[in-house]
Structures are given as structure tokens and as C-alpha cells.
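Student: Take a look at the letters that make up each chain.
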Amino acid sequence: MTRLTLMQFRLQALIALGGLAIIAVALAVTGPNLVHLYDTTVANCAANHDCSLATAALITNGDKFSIVLRVLVEVVPAIIGIFWGAPLVARELETETFRLAWTEVPRTRWIRVKLLVLTFVSMAVVGALSVMVTWWSSPLDRIRMTPFTSFDQRGVVVVGYAAFAFVLGVTAGVVTRRLLPAMAVTLGVFVAARLAIAHWVRPHLVAPSRLVVRDTVIATGSSAGTPDPRDWIISDQTINASGRVIGQFGSIGSSGSTAVTVGVHGLVIKGAGSCPDVHSQSSQAVQNCVDQLHLRELLIYQPISHFWELQWLEMAIFLGVTAILAGLCVWWVRNRLA
Amino acid sequence: MTVAIETTALSKRYGRKLALQDCTLDIPDGRVVGLVGPNGAGKSTLLHLAVGLLAPSSGAISVLGGRPGDADLLERVGFVAQDAPVYRGMTVSQHLRMGSFLSKRWDDSLAESRLDDLDLDLRQKAGSLSGGQKAQLALTMAIAKRPELLLLDEPVASLDPLARREFLQGLMEIVADNGTSVVLSSHQIGDVERVCDYLVILVASRVCLSGDVTDLLGSHHRLSGPRRDAASLPSDQVVIEESHTDKQSTFLVRTSKPIHDPAWTVKPVALEDLVLAYLAAPRPPKRAHAAGLRVVQ
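Those protein sequences? They're chains A and B, same order as listed. This note's numbering applies: residue 86 is where the first sequence begins, and numbers increase by one. This note's numbering applies: residue 11 is where the second sequence begins, and numbers increase by one.
Pulled out of the complex, with its shape left as it was, chain A reads as follows (with noise of 0.2 Å):
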């Protein structure tokens, strides 16, 4: 039953290693350039003091490709779960070919080793993309000192989305017997699930730390932040006096921006309260006003030292689901389709 899966996956898997191929040499003859060009610039930019320059430069220098390379990390686990899964067994329904298999073997035999061969293709070819498309990528990840914004491109998560997508295609073929509806219940499914982990699962998955600073954002608009640039905030909320959550992100107020404003009473600052003796606006007065109020952010973040742990944690989600589906596929198959 393997060496049949693997056969009538020769021109999938052909192209798949086609396209693997290509991406390969296109960032074999790139990365070697941006490194060559992370190392003569970025590299020794402290000594010559013009670090800004420097990684403007080569971040130009690497952004179109790597917004590419981006969408290609995104995009491929859907197109594995729409081309590869959802045909697996609409396919054979439609051409009515699971006559001729599932007289040949027993169905079920048929749908476990399907499953889990081709899922594993899949997770392989993801994650050699996602091996690649991380080395080509270092220079500049070093310099954007971000790594929360490419969460979902790099390190083990794709794997997971990309045996999710799998399954989710065969799951989705298998309960509408229609080719193109389970096409599209794939794609659908497919992002909303990502999207929802990404914003509402991912920032509790580890419990986020909690840093409370001298609030600069209302005066200056950014924060003094977290101890490393690295973490992940997720929420910035500004705290009055006596601890109230008075606004987010340096906005106070319902309208979604602090109203600073001077009058007979001096600065006030809708919302938080007002300062006698201030009568600038000026981003210093307003600071001084803002100690006097004992205004401070609450800083909610993930540390980069959470990184991995979020990694591998939101991968196992997707594996565990992935695995209820494909639990899901086999029962159907066997009890739903005779």
C-alpha cells in the first residue's frame, strides 16, 4: 500500500521537489550576496557609526525577495491542503475509482497509510522550505531584531500548519464527496484557524510577563519598552495613579487618541486628569505632567526567551488536531461512505 501511495504521488511529489529545486538555487544565489553584504556593512557598522545606513540598506537591498519568500512560507501549506488533500479522496469518489482501491485493499488500510505517508511528505516539504527560506533569511532577521513578526514563517510551526493543512484537505474531501467544495471548505478552514490561534491562542499560550514603566508614549509616542527588543508585546496599557487601566498603547479615551490640551487650568490630559502648573505643550511638559500624575505603562509581553516554547507549542496544537482529523477521516471512511 505504500509503494501505491507513493506511485500515484510521483507527479505531486515531482512537482513539489521541482519547486523545491528552484527555490533552492534562486536563494543559493542570492543569500550568499546579502550575507557577503551583512558582513562588509552591518557587521562593522559600530565602528564606523553608521549602523542606520547600513541596515537600511540591506534591509532594501533583501526586501522584495523576502517578501516573497514570506507569502511562500504563508501560501504553500494552503495550496499542500487544497492540491494534495482535498483530491485524496474527492477525487476517488468522483471518478468513482474507490471501486476499483478499496476492492483491492480494505478502506481503511487504504486511508491510514494514505494519511500518514502523504502527511509526512508534506511536513517534510514545508519544512525544508522553511529551512531554506531561514537561512537565506538570518542577515536580516539579525538586523530587524523582530523574530515575533515572523513567528509564523519560521522554526517548527510550519510543519505543524502544513500537516493541519494536509489532513484538514483529505477531512474536508471526505465529508463533502465534492472536489471543489472541499477545496474551498479547506482554504477557509484553513485560514480562519490560523488566524484565530495566531491572535487569540498564541500570546496566552505561555503565561505573557507583566512590566510596569515610567509611561513615555503619551508624550513621546514610544515607549521605553521591554528589557530586550525582541519581545512580543502584546498589550501596552496605560495605568493612573491608583492602578486603573486608563487607556492602550499611549491612546486614552474612546476616541483612540489622548487629547492633550492647555487651558486656564493648565495641561490636561483628557481622561488621566490635569497639571496647574503646565502650560506647554511641549513633549517635555507633557512628560512632566505625566510624572506628575504618576501615569505608567503596563507592559504585557512575550519574552524572546519564550520563543521556542511558543514555537513548539502551537506546533503541537496543530499536530494534535491534525491527528483528531485524521481520526475523524478513518471512522468516516469506514462507517460513513459504505
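Simulated from the structure, these hints should not be mistaken for lab results. For each residue, glycine too, the CB sits at the ideal point set by N, CA and C.
To list a few chain A residues with every Cβ distance to chain B over 10 Å, as calculated:
#1 L119
#2 D135
#3 L157
#4 E159
#5 T231
#6 P288
#7 D313
#8 V347
#9 L395
#10 L398
#11 M400
#12 G412
Pulled a few chain B residues facing chain A out of the computed Cβ check, cut under 7 Å:
#13 V61
#14 A81
#15 A91
#16 Y97
Among the chain B residues that face chain A by a calculated CB cut under 8 Å, a handful are:
#17 L63
#18 V96
#19 S113
With chain A's structure known, arrange chain B on it following the hints.
Tutor: Just chain B now, with coordinates in the frame of chain A:
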């Protein structure tokens, strides 16, 4: 007599629709069995139940003494589905490899020599084969497993007359060579007559007659004579079909006893007429078992 397919009160329903109803059958081993009936009578359903593609809604079915769909039974049963589905993108030789991967009893030389005889190009994609070639490929895959039982669902329905004859000839050779039991469904009574020695008639999701073809022909007679009422016939004669003119009556009857009434002109019945009479009967005639054949309600 060993049994190829044995069913007890077997029923299959799709939602509210009954595809097969209360079917009790013993299909003996070592025969070429024709499963006849109009479209939608439940022929495919019965075969799909026998090969495990469908699960019974109620009742029981056993094939070669085993449970349909079990791995070891699938090895012993060859099946060709209606319209002989094949993988369009796979070549003929890849289909043979598929068979060799999946079946422990696979006979590669048998498959290749058969396709060679049929002039099928091994490198051709199955999607570009004609209907007849597809059917031959599917049959080859089924018999290269060296099955004890071959189940064929409307194997010749989509074939032209020449391809049909070739297919049936090939089938008869297989039976002669290997003694394989065959159950084939068809609504072409002529084909069934040519190859089958056992008949099962399905009408409106019920089995209404099954038996050895010779026994069936021996126990059905066409009687013609002066007009009389069906009710006046002896109780051992079951009327399948009757027609009357002003002076004359014609009956198709089933009986295990010889007909002695000198008023009748007794003629044998052709198989096709016999089948058509059963298909046309408004309701399967209810009577006890006749000798050598089985009437199932």
C-alpha cells in the same frame, strides 16, 4: 454444494429509499451466475454489498464463508465495477503494478500475457483507453489476483457488440481455465443466456427467482389451448403470465410436475421470454419452492 454468496433477509436503504429488500439467496459456488433485472432493481447494490463497498442496513451476507470487505476475503474476490473505473492519469502497466502491490496472489505473467493478447499498450494512459479496453484492463486486474469468485457489475453495458463478444469470450476462457465462480449483473438477457448457467432475477429491489438455468427452463412451460380461467389450473402450476383472446388462452406456468392435460399444447420457453415474463409480472408470483429452483418473496 459450497456457497459463493449467501444472504439472509439482506436489506440496504439509502435514506428512505430501499435499494434491496429482504433478500435471501444462496448462490452456489463454481457457477456462472447471471443477475438480471431492470435498472434500479438492486443488482449493483447486491454486488457492492458482496464486495464490502456497502454495508447492509439489516440482514446478513457472507461471501465464500467470509465477511465482505475483510482483507483476506478481498484477496479471494475479484471485482469489476460498472463502467470499469480506472485511474486516468496512470498507465496500463502502472495499473498492473498497483495490482501486484496490493495482492499477494497476483500473477504478473497472466496479466501481461492477457493484455498482450488484447493488444493493449502497457505505456498507454488509462484515461485514453476505449470503453472496451478499460473493461478488459479492469477484468485483467481482477483475474490476475487469481480470485475464487469474480463479481462483475454490468461488465458489458457500455461496450459495442464486438467488444462485448470479446469480453464475454475472455470471461468464458477464464472460467474454463481456472474454474472461477462468476456472478455478473446485466440487463442484457442475451448476454446472460450466452454465458450463464445460473440465474437470479431481481425486480423492484426484491429477488423474485433464482435457480439453475436448465432447471428453470425445464420447469416453465407455455400452455396454449381453449379459453379458460387461470384459477382453473391445477394448484401445482403457478401462472407467471397469461393472455387471452375470445377463444384461446395462453399461460406461462411454472411447475415441477409433468403436464398431462390433453387440452393444452405445451411448448418450451426461451430464457429471454421467461425472464421478461418475470420482469413484467406486476408482483412476484407467490408460491412454494419448485424443484431445483428457489422462489424468494
